[in-house]
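Those letters in the sequence shown? Residues -20 to -1, 1 to 60, by mature numbering (1 follows the signal peptide of the UniProt record, and there is no 0).
In case anyone wonders, no lab produced these hints; they're calculated from the structure.
Quantities reported herein were computed from a predicted structural model and do not represent experimental measurements.
A portion of the hints provided could be inaccurate.
Pair ranges (Cβ atoms, derived) [unchecked claim]: (1) Ala44 - Asp18: 32 to 42 Å; (2) Asp39 - Asp18: 26 to 36 Å; (3) Glu25 - Leu47: 12 to 22 Å; (4) His52 - Thr31: 32 to 42 Å; (5) Ser41 - Asp18: 33 to 43 Å; (6) Val32 - Thr12: 10 to 20 Å; (7) Val13 - Leu36: 17 to 27 Å.
Backbone N, C-alpha and C fix where the C-beta goes; we use that ideal spot for every residue, glycine too.
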Amino acid sequence: MKVCVVACMLAAVAFRLAAADVAPSPVPGVLTVGYYNDKCSISVESIVNDTVIAELKADISKAAGLLRLMFHDCFVRVRL
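Take the sequences, apply the hints, and build the full model.
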């Protein structure tokens, strides 16, 4: 099971890296990496990153739920 979770995580990272090469430039006002740098006095991205890593180290089974959440909430749904 852990191998499957790790494989899914690697696939998600590979997909994200591949999508970054073909993605259009960011639209102003849209959430991007570094979005909170000018808006918060704390490092929001570092806090989120560190918390996610700590939770996954404590219980790797949370990775599947996190991937599901990412697919449901973060990917744009295109209607054809």
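These are the hints, each one checked on the structure:
1. Ala44 - Asp18: 32 to 42 Å: 34 Å, holds
2. Asp39 - Asp18: 26 to 36 Å: 34 Å, holds
3. Glu25 - Leu47: 12 to 22 Å: This hint holds: roughly 19 Å between Cβ atoms.
4. His52 - Thr31: 32 to 42 Å: Cβ of His52 to Cβ of Thr31: about 20 Å, so the range 32 to 42 Å is violated.
5. Ser41 - Asp18: 33 to 43 Å: 36 Å, holds
6. Val32 - Thr12: 10 to 20 Å: 18 Å, holds
7. Val13 - Leu36: 17 to 27 Å: Distance hint for Val13, Leu36 holds at roughly 20 Å.
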